[in-house]
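A.B. asks: Chain by chain, the residues:
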Amino acid sequence: SSWLPQAVPSRGSHWQSSVLALRASVPMRAQPKKKKKVDVKREQAQKERMKKKIKKLEKATPELIPIEDFITPVKYSDSNRVRSLPDLSPEETERRVLLLKKWCLFKQKQDNAEKKAIQSMVEAQQEALKELRLESEELYQAAVRRDERLFPFERDGPSYTPPLPGYDPPEGKCVDITKVYTQ
Amino acid sequence: TAAAPRSWRLFGAMCLLRLPRVTQPLQKEEEEMMALMGQIELEKSHYSDHEIRKLEEEELLRKRKESGYDDEVSGKTVIMARDLEDKWEQKFLRFKAAPRMTDADESNNRTSLYRKLDRNLMLLVKQKIGNQELWLVPQVEWQPGETLRSTAERAMATFLGDHIEAKVLGNAPYGIYKYKFPRAIRTEDNVGAKVFFFKAFLQSSDLSQAEKKDNHVWVTKDELGDYLKPEYLKKVNRFLLD
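Residue numbers (UniProt numbering), protein chains in the order written: chain C, 1 to 183; chain L, 1 to 242.
These aren't lab readings, by the way, just hints derived from the structure by calculation.
Quick caveat: nothing in here was measured; it's all calculated off a predicted structure.
Think of the CB as a built atom: it goes at the ideal place given N, C-alpha and C, for glycine as much as any other residue.
Possibly wrong hints are sitting among the right ones.
Some but not every residue of chain C turned toward chain L, in silico, with C-beta under 10 Å [claimed, not checked]: (1) Ile118; (2) Ala142; (3) Val144.
Kindly produce the complete structure, drawing on both the sequences and the hints.
C.D. replies: Structural data, given as structure tokens:
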């Protein structure tokens with residue numbers, strides 16, 4: 001029978017019963033051949049096992065990323081870390097309670113003043129828009145239209161001291177060591 | 001409606017605000033509360049690494065004094081936590097921050113932008129209305145074809161130059177001041193004027209193209225009363241936050 005290339009598994013003649021028989025009939029060493037077959041099978045079996053494991057892992061719920069702020073490191077729960085301060089006298093606790101009450105009242109007044117200011121602003125604007133409408137509908141529509149350029153609006157807040165003109169900050173490098181978790 | 005004659009003349013005015021650069025001083029209750037919060041935080045806290053180091057070194061020093069210095073007095077100098085603290089304190093004292101009260105504050109120079117760094121400053125200009133020179137929020141008459149917001153922006157540019165950078169807060173007016181002309185000049189189709197106020201935050205500090213010094217001032221909300229007429233002031237105060 002003619003020797004056909006192995007990539008094309010076909011029968012050389014009707015005397016051969018199977019493809020494997022073809023391979024056996026070709027005069028080559030038997031030992032390495034067997035190893036290759038078994039290897040191929042073994043490798044395939046391994047691949048399937050790996051795929052099954054991967055599927056199982058994927059199906060499992062993803063592990064939650066730990067929030068480092070909520071986990072106190074163990075070294076901070078030592079007993080020698082506990083601060084030793086004198087206990088609070090009853091006058092001190094009394095003073096604290098009264099101060100908290102004063103603070104509550106102060107904040108309430110502040111909040112009410114803010115709300116009133118905002119309300120007066122809104123009223124003034126409504127009045128202005130009403131008058132504008134009486135004047136001209138076209139101008140009113142232009143005024144009521146949304147301003148796209150207003151947001152995003154960024155501004156640095158005030159600091160304790162104003163910026164020093166001509167200040168040269170000291171050189172330094174900032175290395176970011178935050179741990180990044182991936183799911 | 002555009003063809004119908006208007007009985008009221010329209011003006012657009014821009015309230016330009018310079019926002020504060022510095023925090024306001026704390027009030028008495030706020031200071032007391034801050035002290036209390038600090039105290040409570042101290043009580044609830046544990047010792048930090050630096051404090052533990054300090055305590056251990058104090059212990060060592062005390063023991064060494066009691067045992068009479070016959071321990072190892074090695075050549076190498078050990079840096080104590082106390083020395084580190086001194087060093088940091090010295091470094092801090094050497095830094096001179098800019099003062100919160102500037103020279104303009106002392107001299108009460110109202111044309112300067114560097115006065116009252118913890119408050120909002122608003123621009124007022126002296127304008128001639130009719131035959132009177134009045135202190136007003138910069139205003140300019142509306143011309144057909146532009147929106148009121150552009151009128152206000154034009155008013156700002158007229159008094160402070162084209163290169164002024166300001167963030168206008170929206171298309172809508174914040175307030176209105178309506179007044180009727182005195183009977184002498186009032187006519188059928190010229191009853192009075194409506195001044196629409198717009199608000200903007202100053203962003204650039206380049207005011208080199210501004211007009212002469214005695215024409216404009218930058219004032220806080222409390223000082224507005226020194227310049228504006230009562231009725232006008234009442235309307236303006238409604239939409240200004242302190």
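A.B. asks: For the hint on Ala142(C), does the least C-beta distance to chain L fall short of 10 Å?
C.D. replies: 4 Å, holds
A.B. asks: Given Ile118(C) as an interface hint, is its Cβ closer than 10 Å to any Cβ of chain L?
C.D. replies: 8 Å, holds
A.B. asks: Taking the least C-beta to C-beta distance, is Val144(C) closer than 10 Å to chain L?
C.D. replies: OK, holds: Val144(C) within 10 Å of chain L, min 6 Å.
Violated hints: none; the structure is consistent with every hint.
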